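Use the sequences and the hints to build the structure in full.
Residue strings, one per chain:
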Amino acid sequence: MQISMEYRGVAKISGPLIFVEGISNVGYDELVEIKSEDGVVRKGRVLEINRGVAAVEVFEGTSGLSTTKTSVKFLGKPLTIAVSTEMLGRIFNGIGEPMDGGPPPFTEDYRDVNGLPMNPYSRDYPTQFIQTGVSAIDGMDTLVRGQKLPLFSGSGLPHNLIATQIARQATIVGEETGFAVIFVAMGIKHDEASFFKRSFEESGALKNSAIFLNLADDPPVERLVTPRSALTLAEYLAFEQDLHVLVILTDMTNYAEALREISAAREEVPSRKGYPGYLYSDFASIYERAGRIKGRKGSITQMPVLTMPNDDITHPIPDLTGYITEGQIVIDRDLHRRGIYPPINILPSLSRLMKDGIGKGKTREDHAPVASQLYSAYARAQDLRSLSTIIGEEGLTDKDRDYLRFGEDFEKRFLSQRFDENRSLDTTLGLAWKELSLLQESELTRIADKFIKMYYQHP
Amino acid sequence: MSIISGKIIKISGPVVQAEGVSGLKMHELTMVGDMELIGEVVRIEGDIATVQVYEDTGGLKPGEKVTGSGLPLAVELGPGLLEGIFDGIQRPLNVIKEMTGDFIPRGVKANSLNREKKWHFVPTKARGEMVTGGEILGTVKETPLIEHRILVPPNVSGVLDYIIKEGDYTIEEIVAKVTKDGTTKDLKMYHRWPVREPRPYLERLEPYEPLITGQRIIDMFFPVAKGGAIAIPGGFGTGKTITSHQLAAWSDSEIIVYIGCGERGNEMTEVLLTFPEWRDPKSGRPLMERTVLIANTSNMPVSAREASVYTGITIAEYFRDMGYNVALMADSTSRWAEALREISGRLEEMPAEEGYPSYLSSRLGEFYERAGRAKTLNGKYGSATIIGAVSPPGGDFSEPVTVHTKRFVRGFWALDSNLASMRHYPAINWLTSYSDYVDYVEKWWNSHTEGKWKEMRIRALDILKKEDELKEIIRLIGPEALPEPEKLIMEVARLLREGFLQQNAYDPIDTYSSPEKQFKLLTAMLTFYDEASKAVSKGITASKIAALPSVADMAKLRMSIENEKVAEIDIFLNKVLDEIHKLEAS
Chain A
1 MQISMEYRGV AKISGPLIFV EGISNVGYDE LVEIKSEDGV VRKGRVLEIN RGVAAVEVFE
61 GTSGLSTTKT SVKFLGKPLT IAVSTEMLGR IFNGIGEPMD GGPPPFTEDY RDVNGLPMNP
121 YSRDYPTQFI QTGVSAIDGM DTLVRGQKLP LFSGSGLPHN LIATQIARQA TIVGEETGFA
181 VIFVAMGIKH DEASFFKRSF EESGALKNSA IFLNLADDPP VERLVTPRSA LTLAEYLAFE
241 QDLHVLVILT DMTNYAEALR EISAAREEVP SRKGYPGYLY SDFASIYERA GRIKGRKGSI
301 TQMPVLTMPN DDITHPIPDL TGYITEGQIV IDRDLHRRGI YPPINILPSL SRLMKDGIGK
361 GKTREDHAPV ASQLYSAYAR AQDLRSLSTI IGEEGLTDKD RDYLRFGEDF EKRFLSQRFD
421 ENRSLDTTLG LAWKELSLLQ ESELTRIADK FIKMYYQHP
Chain B
1 MSIISGKIIK ISGPVVQAEG VSGLKMHELT MVGDMELIGE VVRIEGDIAT VQVYEDTGGL
61 KPGEKVTGSG LPLAVELGPG LLEGIFDGIQ RPLNVIKEMT GDFIPRGVKA NSLNREKKWH
121 FVPTKARGEM VTGGEILGTV KETPLIEHRI LVPPNVSGVL DYIIKEGDYT IEEIVAKVTK
181 DGTTKDLKMY HRWPVREPRP YLERLEPYEP LITGQRIIDM FFPVAKGGAI AIPGGFGTGK
241 TITSHQLAAW SDSEIIVYIG CGERGNEMTE VLLTFPEWRD PKSGRPLMER TVLIANTSNM
301 PVSAREASVY TGITIAEYFR DMGYNVALMA DSTSRWAEAL REISGRLEEM PAEEGYPSYL
361 SSRLGEFYER AGRAKTLNGK YGSATIIGAV SPPGGDFSEP VTVHTKRFVR GFWALDSNLA
421 SMRHYPAINW LTSYSDYVDY VEKWWNSHTE GKWKEMRIRA LDILKKEDEL KEIIRLIGPE
481 ALPEPEKLIM EVARLLREGF LQQNAYDPID TYSSPEKQFK LLTAMLTFYD EASKAVSKGI
541 TASKIAALPS VADMAKLRMS IENEKVAEID IFLNKVLDEI HKLEAS
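Quick note, the sequences are listed as chains A and B, same order. Each residue of the first sequence is one higher than the one before, counting from 1 in our numbering. Each residue of the second sequence is one higher than the one before, counting from 1 in our numbering.
Keep in mind that the hints were calculated from the coordinates and are not lab data. Bear in mind the structure is a predicted one, so any value in this text is a computation, not a measurement. For each residue, glycine too, the CB sits at the ideal point set by N, CA and C. Mixed in with the good hints there might be a few duds.
Lysine to aspartate or glutamate pairs mimicking EDC-like chemistry, simulated, CA-CA at most 20 Å apart [claimed, not checked]:
| no. | chain 1 | residue 1 | chain 2 | residue 2 |
| --- | --- | --- | --- | --- |
| 1 | A | Lys294 | B | Glu270 |
| 2 | B | Lys487 | A | Asp398 |
| 3 | B | Lys471 | A | Asp400 |
| 4 | B | Lys61 | A | Glu6 |
| 5 | A | Lys399 | B | Glu498 |
| 6 | B | Lys10 | A | Glu21 |
| 7 | B | Lys534 | B | Glu498 |
One-sided and incomplete, this derived list gives chain B residues near chain A with beta-carbon spacing under 10 Å [unchecked claim]:
| no. | residue |
| --- | --- |
| 8 | Ala74 |
| 9 | Phe103 |
| 10 | Val140 |
| 11 | Asn299 |
| 12 | Arg341 |
| 13 | Pro393 |
| 14 | Leu431 |
| 15 | Leu476 |
This is how it looks when you write it as structure tokens:
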């Protein structure tokens, strides 16, 4: 057993960082306890060691710390959290301490929050269809178990509503297995947090959920640990307790802002828009903790939510996320303005794992060609829509006018649904064929004739 | 050799500094800390060395030991590479799983190649013969698909004192002894080679043969030659990975080295799952039997990601030296460049564009120049083709990695997010892509297409280009106002896009098109255009022609006619032409 070292006084305080001099036997990434003058203990982590000086980030922030009267204790171990199945139904802060006034849950194990990289050879490929009851997702961008599929949104758009609807409705058809939701709030507003809490309580989902809260006015350093604590619990529940875990992370933009803040305090060389060069690797260390493992029953499915600054999809945060996640669901301001809920723009949306989660024996044999045809028809409708604003509908051919009508109808009947409307896959595909039947049969070049014979509705 | 050992004084992420290590060499392999993490020296100042560590450095403490190995970072080359899956520094992931379970802890030590397995060695040289570096000592049937040729290490030559007789041996057994100037070297079936040093060859040759990929837009319009270097840039969701997988699956190279560099774990799983199932089109054997996988996914240590492309290309060169055509896919080189950037930042180097180090361009150049067709040291001909995926931030091709990559590759398959959002796959944009290999492979293609390849490709690209211009006009005046011949061009271009350029990787027939099928399909479409033009000049409207039932079916030929039955395309074409002639007659 290692003796933990305690030091009096720190050399420098800068933003959320403190620098301790004259250290020895201190490990990189080690957990630190910082005691201020008034006896309050905060937690921190070693970020860098350079010639006897340790840089420590303080989770609760450095406000109220002085250079002379602060004592620092290095604990000789990395940051761990206690995990157990009893954590379901409870609310925690970013480092896994209960926030709901209840007692600490019985601990089954302690885990390093950083986890370890999953061996790619051990992974099992995600192929099980998750029915979310949302047509735009089930029909066009199907979610599968073990996938990481983010919602790309913007300020003021109903991403929270959609995330809640998915958390409430998500099921595997014909299967009754343990299902848990871990909800991770990073830098979100108090009223958003209470909206989530309330809707989890109302739907009865709370008893199967663990909530990790780091609100907008909580310290940013803790925000960096919050998703890691939550995923550590998720890994325990999925791979030790055989549960299927859906992790909702909101809002990754706030997380990235916190990362930038710490990086600037460490005076690192910035890359794009001031974000550190390791933003990609850092995101990956969170997102890649989704998946399935061969021979184990549980799974981790992630649904990160991020608000694109200025609705810009090329901003580093959505951009780097999109490179790691297996697709994205894009929420569109224009559709939202037109009163369409859920305002999911299917054209830039994508689910990379859809192809293996749908089709014969999983959903329906015509699912893939129908989705493909809807995409190309809707893309064409959008093109024609902008064309007709210039030359007027009269300049279009009859066929083109079919497409215009299809586009309108698709948005109103297929995309639109109520917040509490849970559509089965058959309902979704039935609606899809209704829309496709607005086009002439010969236009359906992506669908095999046998399906057209089965489902196409002649006028 | 004395072992150099010093103490850690600084730890910052994957970068560690140690003092008291004068004598360590640049790029020397080192053991860092009590856990003996693997690292590589990247900078030396006086007696202080900076080491990039290939594993997570959490828990390392100042004062712990840093020990040199005297050797550079190297890979083991010998039987056991094929069907393997390795991390960025060639540790076998399947063995690590057996040792430590589903998650990868730190400080794991495992031999790259299996030491216990016996291989059936057949000598091809006899005692007393002179051998030089790169010559073939003997062969091992490594997989039913591939004969592994055991090479004399490039820097060894002399008289063969001893060669073992045919039999089953492990790679640790001495199979030959070579003497030169009184010193004898023991040779085993494997040798080590430093990853950052290109393997030597006799002579570099110009490429001439296309790498047949079975992907129509690539083979017909933007071909890559065996021994060439090509980049696939594209924003996320444009299909870089699927395109790379398709090339790995269907290209007619004998060996595939696939590097998953900083990408998704599930993608490697997909490769691991599908390659053993997919069959080589020629032999019917599982594709895995000719494949080496390097997986350093995005959550694995960043400096090993930097090393992974070198590990991959060194293995590719080794198979080239046996006289094979090798294709290497690196997905994605941007992640590799970002690893360079991250380490450079930790080294506090002066950044150039967007935080990338100033040596980004020279590193890219060094890497792509390791592609090529060569006469090997043993007189055989082999090639290494590099296909590098690039992931430009925001799909913006003016960013440093794409720009610098363009300087070193001779082909560019630009993936387009607009095409991808229309689900036009492969989303290779025919207007912005290019290939400098057209002139090199022209002779080969023409001899397989009745001399028509080059002319056909120019005609088809021309129609597609005209479509793009006409679209601008339609935006102003509407489609109805176009003259009939132009309307016909729009219809033919659509046919080309939907019936030829689009290719469904998940359709069992469409996923691979033989060169003959590609040629027949394109011929059919161009002949249709010629005959339809004649009809239009006789007063028949383009929309009437487009409405012919067989024209709609023509777009589906790619999915309905198998490679073995391409003659049916001619029969179908005659049907279409008949219908056009009937229109004219009525």
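Okay, the hints, checked on the actual structure:
no., hint, verdict
1, Lys294/A / Glu270/B, "13 Å, holds"
2, Lys487/B / Asp398/A, "15 Å, holds"
3, Lys471/B / Asp400/A, "15 Å, holds"
4, Lys61/B / Glu6/A, "16 Å, holds"
5, Lys399/A / Glu498/B, "18 Å, holds"
6, Lys10/B / Glu21/A, "13 Å, holds"
7, Lys534/B / Glu498/B, "23 Å, violated"
8, Ala74, "23 Å, violated"
9, Phe103, "4 Å, holds"
10, Val140, "24 Å, violated"
11, Asn299, "4 Å, holds"
12, Arg341, "5 Å, holds"
13, Pro393, "5 Å, holds"
14, Leu431, "17 Å, violated"
15, Leu476, "7 Å, holds"
Going through the hint list in order, the structure does not satisfy hints 7, 8, 10 and 14.
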